[in-house]
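There are 4 protein chains.
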Amino acid sequence: MALYAIIAGVGPGTGATIARKFAKAYPVVLLARNEDSFKPIVAEIERDGGRAFGVAADVSSRESLNAALSTAEKSLGSLDRCAAAIFNASARPSPKSFLELSEQEFLSPFTVSAQGGFHFTQAVLPKLLNSVGTDVKYPPTLLFTGATASIKGSARFAPFAVAKSAGRIMAQSLAREYGPQGVHVAHMVIDGIIDLPLTREYMPDAKPDALISPNTIADTYWYVHTQPASGFTHELEIRPSAEKW
Amino acid sequence: MALYAIIAGVGPGTGATIARKFAKAYPVVLLARNEDSFKPIVAEIERDGGRAFGVAADVSSRESLNAALSTAEKSLGSLDRCAAAIFNASARPSPKSFLELSEQEFLSPFTVSAQGGFHFTQAVLPKLLNSVGTDVKYPPTLLFTGATASIKGSARFAPFAVAKSAGRIMAQSLAREYGPQGVHVAHMVIDGIIDLPLTREYMPDAKPDALISPNTIADTYWYVHTQPASGFTHELEIRPSAEKW
Amino acid sequence: MALYAIIAGVGPGTGATIARKFAKAYPVVLLARNEDSFKPIVAEIERDGGRAFGVAADVSSRESLNAALSTAEKSLGSLDRCAAAIFNASARPSPKSFLELSEQEFLSPFTVSAQGGFHFTQAVLPKLLNSVGTDVKYPPTLLFTGATASIKGSARFAPFAVAKSAGRIMAQSLAREYGPQGVHVAHMVIDGIIDLPLTREYMPDAKPDALISPNTIADTYWYVHTQPASGFTHELEIRPSAEKW
Amino acid sequence: MALYAIIAGVGPGTGATIARKFAKAYPVVLLARNEDSFKPIVAEIERDGGRAFGVAADVSSRESLNAALSTAEKSLGSLDRCAAAIFNASARPSPKSFLELSEQEFLSPFTVSAQGGFHFTQAVLPKLLNSVGTDVKYPPTLLFTGATASIKGSARFAPFAVAKSAGRIMAQSLAREYGPQGVHVAHMVIDGIIDLPLTREYMPDAKPDALISPNTIADTYWYVHTQPASGFTHELEIRPSAEKW
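Residue numbers (my numbering), protein chains in the order written: chain A, 1 to 245; chain B, 246 to 490; chain C, 491 to 735; chain D, 736 to 980.
Pulled out of the complex, with its shape left as it was, chain A reads as follows (with noise of 0.2 Å):
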């Protein structure tokens, strides 16, 4: 296949959005644990005209993840080529007291986020390297999504906090190891929350612009990735215009 764009994390929401707008320019692999995550969006874009491979991986887990990427690529061909990779993937635990947590809740998120974003970049990373300096129109990029929580250590949120946290000196690092190397390496600080119909259900008085909007999340993600060598943003927060920080 041609250059492609891959998103970890497909979901109704900020997922769907960025594979929206990525599927503009590229063909997307979409990946999300459920095949009902992506089945929407994927439809989508198929039908609007893009081209869109959805499947399931539970990116936690290298096994998972590489059989993934294979059957995409016999769906697909080589994937050898990527243009961006966006790391969205991320549990969402209720908060609880530190005292009452399980192993395994302090666990998962982290799970999720940290160890899911390492088999990412590790199966991407290459992939982006292949690009750099051939004929694609912007520097490879790998996004992370991050939240408030990626800076902020709240009281209950300890097990979101450490893998949010983690996902963003993890970008951190790689950025300062693989920019010069040409790949642009992005954590992106989502403070707010997003405007969902779930959401909206829960709290139905909130104004417009006290929630972020996904598409607004996935227009910056692509002006990230359109951004040249000769400036870079490592890390940039977006937030409803509303919200108190």
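Since the hints were derived computationally from the structure, they do not count as laboratory data. Treat the hints with care, since some could be wrong.
Just so you have them, the derived chain B footprint on chain A, three or more residues with Cβ under 8 Å [as the list claims (entries may be wrong)]:
| hint | segment |
| --- | --- |
| 1 | 176-183 |
| 2 | 209-217 |
| 3 | 230-242 |
Just so you know, these numbers come straight off a predicted model, no measurement behind them. Even glycine gets a Cβ: it sits at the ideal position worked out from N, Cα and C.
Position chains B, C and D relative to chain A; hints supplied.
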């Protein structure tokens, strides 16, 4: 006049490229201490079919700034509705041992960055607020140019660091006060040496991606301007891919 | 005079407790804009067998500061060898909308914190450097009192945030320049409301640990002063245990 | 047993000096993976009239940790009331290109720092909470040893940075949850190379103040432990005076 953009601190580098970029969408009002700083870019924009008006002003003086704005209004008509205001003025002091600094040397970068930023903000913010909720395509935007020194106080750089960190925290305070009122305030951390003919002379062996391109900076400013209220970036970094950080 | 400590910004709160603490080890020179601010603590220290000399000074003016130091030297003898210098002067402006600030209101906290800190540092740093490698028990120390506003620009607090962040980044620059020369420079982030009779009046229901004790602050300043060159703290936070942060 | 301190990660360097320092005030329980790590300091403390009990434990395993605590209780009596708990365990991986890391290499520093820190905290926190409001001289304290990597992800250091930033943000979350309940949680950023016989061998020409002294670290831990609830430090940095930062 209709909507316009105003840029303070227009020299041959970043200021000129920002002016060029925003002139594609708006008439631009360009301020600099000396006319020679903005004359070439005013001429270039007009030649290319855009509209630019340059006027000399010392932003650290409210009187000088107000006089410049009056002059501009005489030529352009009312400046009541501003689309984007960019504060790019800055002193560039040489490194110096703290004990050798005169009071004047300690204060002068602050006078430009912070006192100038204060006057500029008080002058343009009402005109940005006037535009909120009108037929603007993008939320009215106030951008501050920052630097590495905005977040790090290096040895022998106290005056510059004091000045730039003042700009940063002022932008943060403004974003928190006026963001919920619809004005997008952001601080841009430019971390690296800007790629200008003068810089190239001093660093003839610099690799292409070791310096940060003014065009990339301008593109990023424009992108931040276009973000909707459902997802504002309040701070981001830009640096060349080969920069150590 | 032998080794001494000097404290700028001595009022009834933190300044007085710092003076009391350091007076157990050194004669102390106490500066405040008004004599009434330091008279009670000078009397108390003298009564308890310590040695204290208060002198009125406006630290934002080099002339006023130098005149005060000359006055002190006439009484105390040479102030050539300083053990510890503490910059605790600060304005406490009320919150105010940015657009309603006068230039004077914007600048006056900076004039005290940054311009005052500049003059104070230039006056005492040579006297601290003189003490390096002599018979001092602890490395000569220069401490700056910071606040939450040193690191966060809250809405309607721009002048205070500009002033305090200036003190912070100036301390950082000084630590990097003069630390390797043997002077310990540190910035102390006091995050919380200080427990004073006046504060208690306004917050009669505050729990004991909801306010930060000036004695704890003073103890922490003293501890940082006693650190050897093999382990300097350059920044720390202090807040009451019940503070939200 | 009466009040005691417990330290996880006791080797010949920082752990031993912390043990020595806290043993002046409390019986100390010392944990390390290998007995050889704590035997010399246990012997030294006992010889000097203190009380120390060492027991081998792998803190990353809840079972191993609990077994060690049971063993200690058999010798010492109930460990129900803890005065201070210090988590100093850490892996020290060599720098390595991200793409060359095995999953094991990526995870093992995290297993020690974060998973170990989780088990240690869950084991000791109830014993610290038990001491709140009793006849303790100082608020019960839980300290985490951090590093430069806690706040910066350097190239080729991702596993260590992930591990140490996890410890940092976990400490922050704990401080916010348990500080208001009276337990003092703090994170100590040790920024620099620690002055040990082994380090000196590799850096025979290092100046005295280019390395950070374990004793200074221990003194700082002790100081933070002694802070009253009216002024807690939740994070501080320590580095040698000649360190670049």
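If you count the residues of the segment 230-242 of chain A with a beta-carbon closer than 8 Å to a beta-carbon of chain B, do you get 3 or more? With 13 residues closer than 8 Å to chain B, the segment 230-242 of chain A meets the three-residue bar; holds.
Check, residue by residue, whether the segment 209-217 of chain A contains three or more positions whose beta-carbon lies closer than 8 Å to a beta-carbon of chain B, and give the verdict. holds (count 7)
Is the listed coverage of the segment 176-183 of chain A by chain B valid when you require three or more residues with a beta carbon under 8 Å from a beta carbon of that chain? holds (count 4)
In this structure, none of the earlier numbered hints is contradicted; all agree with it.
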